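Assemble the whole structure, with the sequences as input and the hints as a guide.
Keeping their order, the protein sequence lines are chains A and B.
For the first sequence, the numbering used here assigns the number 2 to the initial residue and increments by one for each residue that follows.
For the second sequence, the numbering used here assigns the number 358 to the initial residue and increments by one for each residue that follows.
Bear in mind the hints are in silico, worked out from the structure with no lab data behind them.
Straight-line Cα separation of at most 30 Å, DSSO-like style, residue types lysine-lysine; simulated pairs:
{"hint": "1", "chain 1": "B", "residue 1": "K764", "chain 2": "A", "residue 2": "K143"}
{"hint": "2", "chain 1": "B", "residue 1": "K568", "chain 2": "B", "residue 2": "K519"}
{"hint": "3", "chain 1": "A", "residue 1": "K139", "chain 2": "B", "residue 2": "K851"}
{"hint": "4", "chain 1": "A", "residue 1": "K146", "chain 2": "B", "residue 2": "K764"}
{"hint": "5", "chain 1": "B", "residue 1": "K1022", "chain 2": "B", "residue 2": "K1008"}
{"hint": "6", "chain 1": "B", "residue 1": "K395", "chain 2": "B", "residue 2": "K811"}
{"hint": "7", "chain 1": "A", "residue 1": "K143", "chain 2": "B", "residue 2": "K811"}
{"hint": "8", "chain 1": "B", "residue 1": "K992", "chain 2": "B", "residue 2": "K1027"}
{"hint": "9", "chain 1": "B", "residue 1": "K811", "chain 2": "A", "residue 2": "K146"}
{"hint": "10", "chain 1": "A", "residue 1": "K141", "chain 2": "B", "residue 2": "K811"}
{"hint": "11", "chain 1": "B", "residue 1": "K811", "chain 2": "B", "residue 2": "K851"}
{"hint": "12", "chain 1": "B", "residue 1": "K851", "chain 2": "B", "residue 2": "K395"}
{"hint": "13", "chain 1": "B", "residue 1": "K764", "chain 2": "A", "residue 2": "K141"}
{"hint": "14", "chain 1": "B", "residue 1": "K519", "chain 2": "A", "residue 2": "K139"}
{"hint": "15", "chain 1": "B", "residue 1": "K1065", "chain 2": "B", "residue 2": "K1050"}
{"hint": "16", "chain 1": "A", "residue 1": "K146", "chain 2": "B", "residue 2": "K851"}
Please read these numbers as outputs of a predicted model, since none were measured by experiment.
Spelled out, the chains give:
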Amino acid sequence: MAPKSDLQTLATGSGVSDGSDQSSIDPIFHLLRILPFSFLRPPRLRLRIPSFTLPSPMTVYALILLTYFLVVSGFVYDVIVEPPGIGSTQDPITGTIRPVVFMSGRVNGQYIIEGLSSGFMFVLGGIGIVMLDLALDKNKAKSVKASYAVAGVSSIVIGYVMSMLFIRIKIPGYLH
Amino acid sequence: MGGKSEPAKSESMATTTTSPDLINSSFFSFKSLKLKTKQQELLLRIAILGLVYILAFIARLFSVLRYESMIHEFDPYFNYRTTLFLTEKGFYEFWNWFDSESWYPLGRIIGGTLYPGLMVTAALIYWALRFLRFFVHIREVCVLTAPFFASNTTLVAYFFGKEIWDTGAGLVAAVLIAICPGYISRSVAGSYDNEAVAIFALLLTFYLFVKAVNTGSLAWALGSAFGYFYMVSAWGGYVFIINLVPLYVLVLLITGRYSMRLYIAYNCMYILGMLLAMQIRFVGFQHVQSGEHMGAMGVFLLMQVFYFLDWVKYQLNDTKLFQTFLRITVTSAILVGGIALGVGTASGYISPWTGRFYSLLDPTYAKDHIPIIASVSEHQPTAWSSFMFDYHILLFLFPAGLYFCFKRLSDATIFIVMYGLTSLYFAGVMVRLILVATPAVCLISAIAVSATVKNLTSLLRTKQKVSQTGSTKGAGSSKASSKVTLDQSQPFQKNGAIALLVGVFYLLSRYAIHCTWVTSEAYSSPSIVLAARGAHGNRILFDDYREAYYWLRQNTPTDAKIMSWWDYGYQITAMGNRTVIVDNNTWNNTHIATVGRAMSSNEDEAYEIMRSLDVNYVLVVFGGVTGYSSDDINKFLWMVRIGGGVFPVIKEPDYLVNGEFRVDKGASPKMLNCLMYKLCYYRFGELTTEYGKPPGYDRARGGEIGNKDIKLEHLEEAYTTSNWIVRIYRVKPPTNRL
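Okay, structure coming up:
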């Protein structure tokens, strides 16, 4: 606490002696006023200290949704293990290279594109539920509410069905 | 029940006066059971919580019913051994225990290097049961500790949900967390590991802290400090709490939610929690010395600055003067804090972040620098299918729950959002941490479910009120017509709401089916007993591990030293009761590298190393006959990497052919002559493993082995289990000099 009280007495002291144009109690300001700026002339600028306003909750929510999409798609897995974007097998008979979308054989492995598409389905399902809630908001026109409801329900259905399809392809013995 | 029957009797008395006596006297018993709505709701809640409690317990009992009541995996065997020691010798012996049976010849100070919470909890339950004259074996208590604490976690989740949102969300949270596979995976019966108790302690600490912030009461803050102490005693993951809570306080300060309640809650929890945490020897003075705990201290000092500024603002009546004072104080506080941190780090008093936690912030760190951490399969980053497997529907409900939390921001919802986001990020970095994220995901999903169901059911209910007001008001024609159009669309809305509710229940039932299937198929294997499907679909059990450990226990001298890879150390000391060279504690990398070097060298060099370590027996795990893929040959490259990390003599490319790891004829000569190869494939060349394949066909690698005629010079085969999974060799004493 000692340094702060010193600054305060210094500030009040200088404030009393120089009360004409600046009533600032900032000691650094007074120091700078004496040392370089008694012979240097600062230019006239129209600058303001940028004010820091907090973003609205829904902006933060949109950013968080983006991060959620990346994490759930296995982005960290992609960065560290560096799997290919899409896998490939060679047809044993004809010899042509066929692409393989889902890495099979283990639960904790993926290719980049399968991760991103699954993550997208999850986020789509989540947004569907959000749209359902927006559809029940009383302050909107009826047609808007109906379209929100339809969009919400279809998003949830598509997201769920596609996710189930993906997991069935990935894990052959799922639910057996 | 007594309190409930009194108003019921008064109701029934009221009805008997207005209705004929004959009918009501015969229906008296039914009328007396009629409860008021509030009591009905309480009864419903208690019934649901009771059923959820039982459900959480029995969902975890698959392996006990299928196999027997035994401890799973590797780490729980160490915990079991220490709990056994605690119950036999008492607390002082346990606290001062130096174990010379592991890490020969170094030994291990067990009292100072473990988290005692789990063992003390199980011992207390055991002593309580014995006091009530239930003489159970300590193993049964250890096996069932995890499901018991999982049930308790559901209760804490209910109260937490009630604190954040409302009772409906609390009930849904309890149900979701009771069967969530992310939690079941580490708390199944038999999984006697630190996380079984730690998740309960984590959620309890968070609940008590949020309650303290909401009420500003010193008692709740004290409770959260004790909850933190329990967490510190239980698991090394307490670092998450000591970093999340200050981060939360920081976010509240930034969003302008500083209040006296926050000040009381955080100060009490931090100071008391820190003092209590120092009682655990393993943690020691880390709260003031380690870099991972400095965030909490910094926020603590920042809170004091905030309080001081608040007090000065109250004393001063001049806002402009206060603004400048504010700027000076904040700048100088940050400067002083930064200088102190710099001096502490530079002088070495504050130790930097340890590798395990640093690899969470920078996931590429472990892969390049610490192969032991990178080799554990649980530490791999998470793919989308692991998320889906462990969460199912909760992945859809989580973003929706976040939306509802953001719509109704309060101190408590900000906390749960932060907990959910940070834990989900860490779960993305390391598969094992999906467990830590599970309570947050379940709570936020419960908020989504509860809010959606509330919206839909309110849609089902409002139509009656609207039609009533329309008929009673009888206003102008425009109002009447609008009410009429509303009435016409009401049935459609009602049907739509019912359809959506049916959809919600369908999704939740699919979640329950998924969770039960995952628990039964994936997370209930004891991994010490292996199971496979036979030719006719029947289940075959391979109990080779326990067979080998009991052979060791009964057929080797009591001071025999066993060398094996570190995975099996805990099991050998617990079940085989013999001294091991390295075990799962992995605290000494050089010792492990010595064993790795011995396994990867040829027989003569390995014999030198084994003689220097006094090794009597070598144990290897081999899956070539059964097709078991987690055997030592598949782990061999990690032995090479860890050994090569300390002894540059071992080079990984020597064991690979064109970057590929092979064991057949085309394998590198160093591979064909190393000790691990010889011990695994000794006499394997004579065995036919599969119909139609040549003898010596390795079913785990899918190829015929290269070197079938193996001769051992310094070792001799002591025991091979019935399915060739565990093989034990005796180290021969040196030949007499002539």
